[in-house]
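> Here is how the chains run, residue by residue.
Protein chains: 2
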Amino acid sequence: MNLDKAFAYIDANQQRLIDELIHFLQIPSISAHKEHDADVAAALDYDRRKLESLGFMTEVWPTRAHAGLFAERHVSNDLPTVLIYGHVDVQPVDPLNLWTSPPFEPRIADGKIWARGADDNKGQHYAQIVGVEAALRGGGELPANVKFIIEADEEHDGEAMAAVLPKHREKLACDVFVVSDSNFPDRDHPAITLSLRGIQALEVTITGASGDKHSGEWGGILYEPIDVLRWVLQNLKDFETGRVLVPGFYDDVDAPTPATRAAIAQRLWVDADVARAQGVKRLSHEVGYTPLESGTLRPTLQVNGIQGGYTGEGFKTVIGNQARAKISMRLVPRQNPEKIFDSIERRIRELVGDKGTVAIHRFGAGLPFWSDPDSPYVQAGLRALTVAFGKPAIMLAMGGSIPFVPQLVQVTGASCVMMGFGLPEDNLHAPDENFPVANFLGGAKAAAAYLAEVGAMAGAAGRK
Amino acid sequence: MNLDKAFAYIDANQQRLIDELIHFLQIPSISAHKEHDADVAAALDYDRRKLESLGFMTEVWPTRAHAGLFAERHVSNDLPTVLIYGHVDVQPVDPLNLWTSPPFEPRIADGKIWARGADDNKGQHYAQIVGVEAALRGGGELPANVKFIIEADEEHDGEAMAAVLPKHREKLACDVFVVSDSNFPDRDHPAITLSLRGIQALEVTITGASGDKHSGEWGGILYEPIDVLRWVLQNLKDFETGRVLVPGFYDDVDAPTPATRAAIAQRLWVDADVARAQGVKRLSHEVGYTPLESGTLRPTLQVNGIQGGYTGEGFKTVIGNQARAKISMRLVPRQNPEKIFDSIERRIRELVGDKGTVAIHRFGAGLPFWSDPDSPYVQAGLRALTVAFGKPAIMLAMGGSIPFVPQLVQVTGASCVMMGFGLPEDNLHAPDENFPVANFLGGAKAAAAYLAEVGAMAGAAGRK
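Protein chains in written order, with this note's numbering: chain A, -13 to 450; chain B, -13 to 450.
Keep in mind the hints are simulated off the structure, nothing from the lab.
A few of these clues could be false.
[What the hints assert, rightly or not] Calculated cross-link-like contacts (lysine-lysine; reagent style DSBU-like; alpha-carbon spacing at most 30 angstroms):
1) Lys302(A) - Lys267(B)
2) Lys199(A) - Lys20(B)
3) Lys302(B) - Lys325(A)
4) Lys20(B) - Lys267(A)
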């Protein structure tokens, strides 16, 4: 393919491509709300018809929730295969009164498209579709085989599509899997996201005496659930070093390589500036790591919620008979969420002993994921972003979890490149979500360039 | 006076005295509810008229809330003076549907009077009034000068009456001050309560970043208010020893004397039985003290409420930007609530440092109070209870706080004897409050016997 022609195609068709995205964004495909079921299906159909117009074979894959879409354009057995991910469903829009304009009436202002889903994830994956269109129309044929897997329940039952992946293993076969569901750190630095942390969440409930007790009468005599809980928590993480104290927690932890530490240090990140922006006096960190590393390349433990006793106005001298905490651990390769859950559960039960009754509920888990910064697929992504945006691309690590990514990596055995086009200020999951027009069009160019890069690797790296 | 005659008077007038209490209990004197203001005044008037019928001079003392009552029958400058305390107001009655019969329609069943206020405190202080009546009618004249101080806002603004005490200092002058607002440990052991703990309550709020943050993105980077809070808590009390870690906390603490430890050990208290009754596997205690001592004679710290982050159904990967805890400390002589508050406030601020923003709100305080088990007034109380109930009386320590008691001790400089007639199962502040008829009538006999005991001390101990 001819990349210049593909870029020229995008420039020439700019208004029509933006209009297509706007139509897409007009569909209120809120997967969490039953009354929008038809809209979610319509959004999936919008992608399906578009991809069919580009010569893709499509299939709708039922799941326990909203069905997803699979699409494929096979060019040649001699070319590598790129699998592209996206999701058509969006978050709810409450509180509606905080939106400057209605969430499903997209408008363009200040160089941005304002609408629910503009970034997450309609805008981001539609940029990929447009990139494929440009590669095709600008070059005559695609430089690689291309497949799409598109979810329609990511914002609601996040695991519905993942659950059906294993049974489609053969169809999903690919050399590299591309996800556009992440950010640049700022508008001047296009970026590849190198890693995601895994997650294991749980809730601990500690019960004491049969009912609330008067704290004057019983203070000093009864073990107090709040007290037992805070003691459990202090034994799960050392506050001063930031080290998790659960036995075996670090056993399977891969230390980040010097290359990875160097790669993520490319990012413009000044602790004092970040602290100021977050409204705090200083940042925390795990001993031996920078705050940025602690929040991305290192595992950690958070208490996401805590409650016990009397929490209303004024004061009640009560010993509440229950206290609970919601806890999540962020994991890195090769920590296994199930094994980690078993360790923390055992430790909590051991700590509580006969000082109370403990109930532990396991919430969802996600696997961690790391790319190798030296991977040819990552390097290809950096080159594609650089040429598309005209600025040198960098590498990032992400502290959050996208469980679908490592699951698809597991099913396909392929490399994964997270090439997202968003910005931190796009207001994901919030009122006034937006996506810069330049990132939509630049993203489309990067998607086309990436296909060209991967296509060119066929000769050099050979087929898997 | 002739005690046998006084007891015979109570026996002979039993039904009429119970009927008087029942009429008193029919008045819905809920001080917390504005619409019952007239009822509260009517209840106070009920006591006033009764005491006037017994030849008492009465005065109504205005306070910032409901007015209280002062009454006095002066017999002779050569006799000691006993000041008796009570309150006519009662707790609200919600939830009404849990009452077996309407709270202000007293009925007698299973040997108990069932009604709101039956024990707390109408029944208990009316027993004292009946005791005075019996001493007078059975003996011709009272064996001591007697004064009453009766609150009408104890269950609402608990400090309204205390606030006016200093300006009535001269009128309140007495040798001993008697409070019937406590319990026997069980129906077989009439008891004097030797001590009350003081209290200092506060709320700590820790604020982190400007708004809730995604715990994937920021976990490991930001100090988390819940985490800072549990670290503060772990530095305020050592979980394993039960020792409070606030600097200086124990500086002014009086160790209980061997006599006091021995006195409270008279109480039937088997740790394993108490644990079973409370629905727990074992009791806690401060190192070096029994659970009973830890809950009565030793100071301690409780977290009465804690809240932070997401506490609803399911899970949210959020770092809440605020966490708060309600904390109370129970104090013993000679700890000073104000000094203790200053120490804990200083320590909390030092611990939080620049890891968050801290706000500390001081709630109410109460002074601690201890009687000497060897005091002649306490010994007189034990004899009075023993003769009235026909069972040997013992001594107790109480873990809770009744701020009015040490305040009145401070104002009068008098001894205090806590001679309550309730039982642990009387359902104070709860549905189906009740008071055994035997405890009402026995309490009246004990009150009469106590006046005889104190009157007899005049010659031996002399006037103060």
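> All hints are to be evaluated individually against the structure, with a verdict given for each.
Cross-check of the supplied hints:
1. Taken as a hint, the Lys302(A) and Lys267(B) pair is honoured in the structure, with Cα atoms around 25 angstroms apart against an allowance of 30 angstroms.
2. Between Lys199(A) and Lys20(B) the alpha-carbon distance is near 28 angstroms, which keeps this suggested pair within the 30 angstroms criterion.
3. For the given pair, Lys302(B) sits about 22 angstroms from Lys325(A) by alpha-carbon distance, which is consistent with the 30 angstroms threshold.
4. At most 30 angstroms may separate the alpha-carbon atoms for a hinted pair to count; Lys20(B) and Lys267(A) exceed this at roughly 47 angstroms.
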